[in-house]
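Number of protein chains: 2
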Amino acid sequence: MSIIGSGLRLVALTLTSLLWSVTVLAGEVLPSWQDGAAKNAIVAFVNNVTRESSDGYVPPAERIATFDNDGTLWAEQPVYFQAFFAMARLREMAPEHPEWAREEPFKSALAGDMKALMASGMEGVMKILMASHAGVTGDAFHSEVSDWLQASRHPDTGRPFTQMAYQPMLELLDYLRSNGFKVFIVSGGGIDFIRAFSEPLYGIPPEQVVGTTLEAHFEMRDGVPVIVRDAGISLIDDKAGKPVGIYRHIGRRPIFAAGNSDGDLQMLQYTTMPRDAGDTRPRLGLILHHTDAEREYAYDHGSHVGGLDQALDEAPQRGWVVVDMKKDWRRIFPE
Amino acid sequence: MSIIGSGLRLVALTLTSLLWSVTVLAGEVLPSWQDGAAKNAIVAFVNNVTRESSDGYVPPAERIATFDNDGTLWAEQPVYFQAFFAMARLREMAPEHPEWAREEPFKSALAGDMKALMASGMEGVMKILMASHAGVTGDAFHSEVSDWLQASRHPDTGRPFTQMAYQPMLELLDYLRSNGFKVFIVSGGGIDFIRAFSEPLYGIPPEQVVGTTLEAHFEMRDGVPVIVRDAGISLIDDKAGKPVGIYRHIGRRPIFAAGNSDGDLQMLQYTTMPRDAGDTRPRLGLILHHTDAEREYAYDHGSHVGGLDQALDEAPQRGWVVVDMKKDWRRIFPE
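Going down the list, the protein sequences come from chains W and H.
Residue numbers for the first sequence follow my numbering, so the first one is 1 and each next one is one higher.
Residue numbers for the second sequence follow my numbering, so the first one is 1 and each next one is one higher.
No lab work stands behind these hints, which were simulated from the structure alone.
We put the beta carbon where it would ideally sit given N, CA and C, even for glycine.
There's no promise every hint is true.
To be verified - Below, a list of computed lysine to aspartate or glutamate pairs in the DMTMM-like style, where the Cα atoms sit at most 25 Å apart:
no. : chain 1 : residue 1 : chain 2 : residue 2
1   : H       : K182      : W       : D139
2   : W       : K239      : H       : E215
3   : W       : K327      : W       : E28
What the hints assert, rightly or not - Covered stretches of chain W (in silico footprint by chain H; criterion: 3 or more residues with CB under 8 Å from a CB of chain H, positions within the stretch not fixed):
no. : stretch
4   : 186-195
5   : 198-206
6   : 250-262
7   : 265-273
Unchecked claim - Listed next, the stretches of chain H that the computed footprint assigns to chain W, with coverage defined by at least 3 CB atoms under 8 Å from CB atoms of chain W:
no. : stretch
8   : 197-209
9   : 245-251
10  : 259-270
Please take these sequences and the hints and turn them into a complete structure.
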């Protein structure tokens, strides 16, 4: 082989390995996402805010991303998983409450009659919530949720509930964090319910969870200082309550928000619509559209859980990225 | 020089440079703290929780430290600095409120008559607080506080208020962070007041500030989504409210807490008294005792601002470290 030939071969080899590296690198980012508009929009946004030479550069401290939980990070059908916990907790407590056998909404809840329970309306749901979530110390509640998560399975899939987190979203959390984002959960679900699993499941520590919050008080019990959860609500972290939760807990406006229902509408608006004309930071809103009845569930308009109406209608004009779970995701759940 | 002589010289040199390194290192830790019991207790605690071989090792995620603000991170005499802001804000608003010239507590507040204002009691203070802190957007309030901090000076020292942070405490914040701690403010002061300066002054981002919190709501103003601060209180983050604020915002028990008044008593108890007999993590409670009338102020029992009674009395039995500011601090304020 001539020197020129050998040189050309070296160039060819270098090019090949370079192309291979690029492919591997591209493959490493969000591997469970199909190549397409949604993935491209996410990657372009992240590149834009992280490149110091970019017009859209945002310093790391201001890279705040907020994620809804139910239906966005893990599944939410046939009902919010927290409702399964509440039912289990009521069954556990029932022997001490013989009156529940006759009293609604407890009677229906103990019988697992979800339809009758829903018919009891907000008042009924609140009674169930308070009976199952209040009146215990913070530490005891944390243990109850942890124990239930260990012992319970999803009625449709037979999986532990924590195995119903979405693999592509776990990758998205990692991708954002590896690009200097601080990632928060902002959920209509109970803040302390989510805190019992957010760190091992999502890598999100308790102090980065915002959610519906009960009143609580401090007391000394046998010389031990404890927090006791009270039967009153401090924040309903849903719909217009989500930006309030963000203001209370985070204190600055996110530049990225992801949700899947009208419960996330105001969080998406608050995140993606600039404060004033001078705020030119890039902002990304993302809506998961549940379109995959085979691998997960398909629902949107009018669904009693995770209803998606106004937010889906506003998405085009607001520039929100709509993720079609059937088309955009290679897989739904972890192996 | 013989080989042995040269070898000995090398050993001597190595020893010298080693000793020098140790001295420099020791000097670099908390340089504004006098060597003594308080500094030793802090350094021993940090070494204990950070050394993986130590019985007291605590993983970084659980190294939560909480600091009171007024009187702990910056001064609080002759009154809480937030009160100066409230007065300034009222004077700014007064032209739109001619009725305040006749109406208490506004009349006294505008005249700067602090004594008459205090006589108006909690009800009066709340009226001043709501008039000066509510009814504006979150963004507008943030700007108002920032502008005031730029323009105002402390009446006794003539310094900008941000120059009345305590140099030894700034070093302590850095020292804890460099040892993997996540540092929070937990203050009776207004959460959004503190957030206007906590990041540049203390390196504490807004999401790590807990404080007294107003109600708020979300609305669209001319197509711009905003948070509006309402005239109601969501949390009084003082005394027994501090552990509640910690539970709401942080969701786990700190292992380190610092305060200077009875407003911090329950936070110190909650932090340093283990959950149950099985919890053997090291815990440190620290009380700043204002003992230096020359360089700062001297006050404790019965002071109307930063009163320190029960917490000082409980300190010995609870093992809390009491910092004598006169003896333990080489300097008070930054140069």
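A quick look at each hint next to the structure:
no., hint, in the structure
1, K182/H / D139/W, "21 Å, holds"
2, K239/W / E215/H, "16 Å, holds"
3, K327/W / E28/W, "19 Å, holds"
4, 186-195, "holds (count 3)"
5, 198-206, "holds (count 3)"
6, 250-262, "holds (count 3)"
7, 265-273, "holds (count 4)"
8, 197-209, "holds (count 6)"
9, 245-251, "holds (count 5)"
10, 259-270, "holds (count 3)"
The structure shown violates none of the earlier numbered hints.
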